[in-house]
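Use these hints to put chain R onto chain A, whose structure you have.
Residue numbers (our numbering), protein chains in the order written: chain A, 1 to 323; chain R, 1 to 529.
Incorrect hints may appear among the rest.
[What the hints assert, rightly or not] Derived EDC-like pairs (lysine to aspartate or glutamate); straight-line CA-CA distance at most 20 Å: (1) K216(R) x D183(A); (2) K412(R) x E48(A); (3) K444(R) x E48(A); (4) K79(R) x D472(R).
Since the hints were derived computationally from the structure, they do not count as laboratory data.
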Amino acid sequence: MAVYLLRRLLQSALVMLAMSVIVFIGIYAIGNPVEILISPEADQMERERAIRALGLDLPLWMQYLSFLKNALQGDLGRSFVFNEPALQLILQRMPATLELAFGATFIALLVGLPLGLYAGLKPNSFGAKTVMAGSILGFSLPTFWVGLMMIMVFAVQLGWLPSTGRGQTVEVLGLRWSFLTWDGLQHLIMPAMNLALFKISLVIRLTRAGVRETMLMDYVKFARAKGLSPARVTYVHVFKNILIPVVTVVGLELGSTIAFSVVTESVFAWPGMGKLIIDSINVLDRPVIVAYLMMIVLMFITINLLVDLAYSALDPRVRLEGK
Amino acid sequence: MMNRKKAAAMAAVSALVLGMTGAARAQNLTMAVGAQVTALDPHYHALSPNFAVATMLFDTLTQFDADARLEPGLAESWKVVEPTVWEFKLRPGVRFHNGNPLTAEDVAFTIARVPTVPNSPSSYAIYTRAIERVEVVDPTTVRFHTRTTYPLLPNDLSQVAILDKETHEGASTDDFNSGKVAIGTGPFRYVNFRSGDRLELERNDAYWGPKPDWAKVNYRIVVNDSARTAGLLAGDVDFIDQVPTSDLATLRRDNRVRVAEKDGLRIIFLALDHMRKDGSPFITGNDGKPLDKNPLQDLRVRRALSMAIDRNAIAARVMEGAAQPSGQFLSEGAFGYVPGLEPPKGDADAAKKLLAEAGYPNGFHITLHGPNDRYINDGRIIQAIGQFWTRAGLRTTVDAQPWTTYISRAGKQEFSAFLVGWGTSSGEASSPLRALVASYNRDKGYGTSNRGRYSNPEVDAKLEAALREMDDEKREKLLQEATQIAMDDVGIIPIHIQKNVWAMRPTLRHDSRADELTRAQDVHPAAAN
Numbered sequence: 001m002a003v004y005l006l007r008r009l010l011q012s013a014l015v016m017l018a019m020s021v022i023v024f025i026g027i028y029a030i031g032n033p034v035e036i037l038i039s040p041e042a043d044q045m046e047r048e049r050a051i052r053a054l055g056l057d058l059p060l061w062m063q064y065l066s067f068l069k070n071a072l073q074g075d076l077g078r079s080f081v082f083n084e085p086a087l088q089l090i091l092q093r094m095p096a097t098l099e100l101a102f103g104a105t106f107i108a109l110l111v112g113l114p115l116g117l118y119a120g121l122k123p124n125s126f127g128a129k130t131v132m133a134g135s136i137l138g139f140s141l142p143t144f145w146v147g148l149m150m151i152m153v154f155a156v157q158l159g160w161l162p163s164t165g166r167g168q169t170v171e172v173l174g175l176r177w178s179f180l181t182w183d184g185l186q187h188l189i190m191p192a193m194n195l196a197l198f199k200i201s202l203v204i205r206l207t208r209a210g211v212r213e214t215m216l217m218d219y220v221k222f223a224r225a226k227g228l229s230p231a232r233v234t235y236v237h238v239f240k241n242i243l244i245p246v247v248t249v250v251g252l253e254l255g256s257t258i259a260f261s262v263v264t265e266s267v268f269a270w271p272g273m274g275k276l277i278i279d280s281i282n283v284l285d286r287p288v289i290v291a292y293l294m295m296i297v298l299m300f301i302t303i304n305l306l307v308d309l310a311y312s313a314l315d316p317r318v319r320l321e322g323k
Numbered sequence: 001m002m003n004r005k006k007a008a009a010m011a012a013v014s015a016l017v018l019g020m021t022g023a024a025r026a027q028n029l030t031m032a033v034g035a036q037v038t039a040l041d042p043h044y045h046a047l048s049p050n051f052a053v054a055t056m057l058f059d060t061l062t063q064f065d066a067d068a069r070l071e072p073g074l075a076e077s078w079k080v081v082e083p084t085v086w087e088f089k090l091r092p093g094v095r096f097h098n099g100n101p102l103t104a105e106d107v108a109f110t111i112a113r114v115p116t117v118p119n120s121p122s123s124y125a126i127y128t129r130a131i132e133r134v135e136v137v138d139p140t141t142v143r144f145h146t147r148t149t150y151p152l153l154p155n156d157l158s159q160v161a162i163l164d165k166e167t168h169e170g171a172s173t174d175d176f177n178s179g180k181v182a183i184g185t186g187p188f189r190y191v192n193f194r195s196g197d198r199l200e201l202e203r204n205d206a207y208w209g210p211k212p213d214w215a216k217v218n219y220r221i222v223v224n225d226s227a228r229t230a231g232l233l234a235g236d237v238d239f240i241d242q243v244p245t246s247d248l249a250t251l252r253r254d255n256r257v258r259v260a261e262k263d264g265l266r267i268i269f270l271a272l273d274h275m276r277k278d279g280s281p282f283i284t285g286n287d288g289k290p291l292d293k294n295p296l297q298d299l300r301v302r303r304a305l306s307m308a309i310d311r312n313a314i315a316a317r318v319m320e321g322a323a324q325p326s327g328q329f330l331s332e333g334a335f336g337y338v339p340g341l342e343p344p345k346g347d348a349d350a351a352k353k354l355l356a357e358a359g360y361p362n363g364f365h366i367t368l369h370g371p372n373d374r375y376i377n378d379g380r381i382i383q384a385i386g387q388f389w390t391r392a393g394l395r396t397t398v399d400a401q402p403w404t405t406y407i408s409r410a411g412k413q414e415f416s417a418f419l420v421g422w423g424t425s426s427g428e429a430s431s432p433l434r435a436l437v438a439s440y441n442r443d444k445g446y447g448t449s450n451r452g453r454y455s456n457p458e459v460d461a462k463l464e465a466a467l468r469e470m471d472d473e474k475r476e477k478l479l480q481e482a483t484q485i486a487m488d489d490v491g492i493i494p495i496h497i498q499k500n501v502w503a504m505r506p507t508l509r510h511d512s513r514a515d516e517l518t519r520a521q522d523v524h525p526a527a528a529n
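Excised from the complex, chain A in its bound form:
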């Protein structure tokens, strides 16, 4: 187990290193941040000063080495745009994104699991067919369009929910959370639902497929023959076994929601990390982009690890070994 963890950690360090090299070269190839950030009124002297101030006058490899040196001391650099430490900038916006991602995942499981179970147990009923048809819509409708439609219907036409932005926040553990206030929840519902739509469909389909497959297994037949109640067969024997693919996919999905809920965040003007990264890419704010992606890599590696650990808890056949 210890060897296994160590190996994973080493892998992640390598991935992060490779990623930072790619981002450095990529941004260098795209363009010069100073061209974008500088006031058009600035003359050539001011341009040169700005390039020096941001350290962009050095050759790329020297810029990278000095980044690496600072990174090893825990300093990922200051944003070109905001002049704040990149990491701090990201962490400030993390709670907003986390509550959105967890809200969406929560909704997805809450809605998706029962519907998927139902569709799997009664595959030929009218209700199951409706659910499956609906899940195709959830897959295929583009997020930004659904988001805009939701705003049009629930905010503009019906006036039930606020259209955009994050609601009132309360400070817990030094971070601002909005899901603890009524106003905050009202603001959270639409974007979370918007993000959840795709996930709901995913969970429904995975659950249904799992149920259909497991119901035919011998151990289920045996459990039935033993005279166990249908409820016990479904919720203990079937349910536990279908959870493995669901946990894997939901875990990965949670990661990508945290990292890349860019579309939903910009449609709903949600001040989270997704918006930060897209804004940063637009102005080539390299320190923020690098810090962000490094953090995301770290997060994915952690989630993968947690998923693996969850496997071994759910399925006694899985052993974590360092092979």
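Here is chain R on its own, set in the frame of chain A:
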């Protein structure tokens, strides 16, 4: 009869309800703006969204009115004492939000601080560079000694927010963002700032100028265009800026919304490759082979390119009326506007004839480049121009790119013909002349955005004379002459001047500004009836 009574009663009730909610929110204003505010430090990043916020919290010595004409700000008056010495008289009795009085020492401190803000990606020092030293004469009189005669000093100082020496000595950009020292003399006081989300302000009851109408202002940053419009329609926000032209037609008809428009200071134009004598990278013969000379060196070809464009069609169809076709840098009324200098009418046949005269009866192949995420409808404008050029017999390919890659390539002279915009923040013609058509010269700071490397000694001479001329009337004449020469020579091809568009609840009105700034003090309750 019954029905009518009922309807009247309903109307009375709803009027009452509306009136009550109106009264409750009358003191509060929620605005949604489309541009990111990167810092509250007014000297950190020279960027107009930052400056808009700075002018709510702080003041400048001089300032622009809604029509971009200079007016007194913290300085009551100013005059030239000697050719290189300006004297500014400060408004007496002005206090910062923390009660400190404004003195000439604060002005001197401000000028000294501007170039020293660390890590600035774009410094305000370009507006203070002309100043050699600051002389404090008495607490309300300050003299600026400039390196050379410099008539634009009052214009430049309109961009420099004045800070308090006692409060801001040693203050960092972080201290402003956290609110610790976000203390100015401006019409609003700092309440709360969440970067990338919102800025909350309250009225400064001790303000020296006209008191703002709003006790509390919520200045929200909503970058997505549709989200801003939806927020206004849903009633979450009272006021939005940068209304997308695709929504304009609907909003103008919608009686839940009032739209305000104003001719701006941003000219959209095409820059041309003047640098290369033999062959331009994106111009080839019709057979695809490179040409041995650059056709853009020929004035007739440049005229034909300009003449082929139907600017009225672009303004009406692509821009939904939110643009003014233009043949020069500025709109009518601005300092340096040339009366009677109109853009050519779109005329494909005349353009064809000119091209034939220049030796291209069958045209040539040209690629027109432009950004697709920077200016209003930029991608669609170059498509329209491409069609007009094709009609005039030029095989035109259009290539729209994201600004981040585009602008770096344009700055390296990689294109033959390309679309750019220029916002004249000083409101007068020397700014575009100096940046766009003056010969590129590092030491003089000329031609900074002259990406096509146009060069005309006559224009340079007139401009230099204008920048030394202290007499306003003579200076304006020189600027007009320089503009006329550059435009007759088709140094650039102006397309149109953008209109700035805001939208708000019908219960509000807006003193719309030419300089695109969106500020809470310009929004007022509409007068009753």
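Is the Cα-Cα distance between K444(R) and E48(A) 20 Å or less? Status holds; Cα separation ~14 Å.
Within a Cα-Cα threshold of 20 Å, do K216(R) and D183(A) meet the stated pairing? holds (19 Å)
With a cut-off of 20 Å on the C-alpha distance, tell me whether K79(R) and D472(R) pass. Answer holds: K79(R) to D472(R) is near 13 Å, not above 20 Å.
When you check the alpha-carbon spacing of K412(R) and E48(A), does it fall within 20 Å? holds (15 Å)
No hint from the list above goes unmet by this structure.
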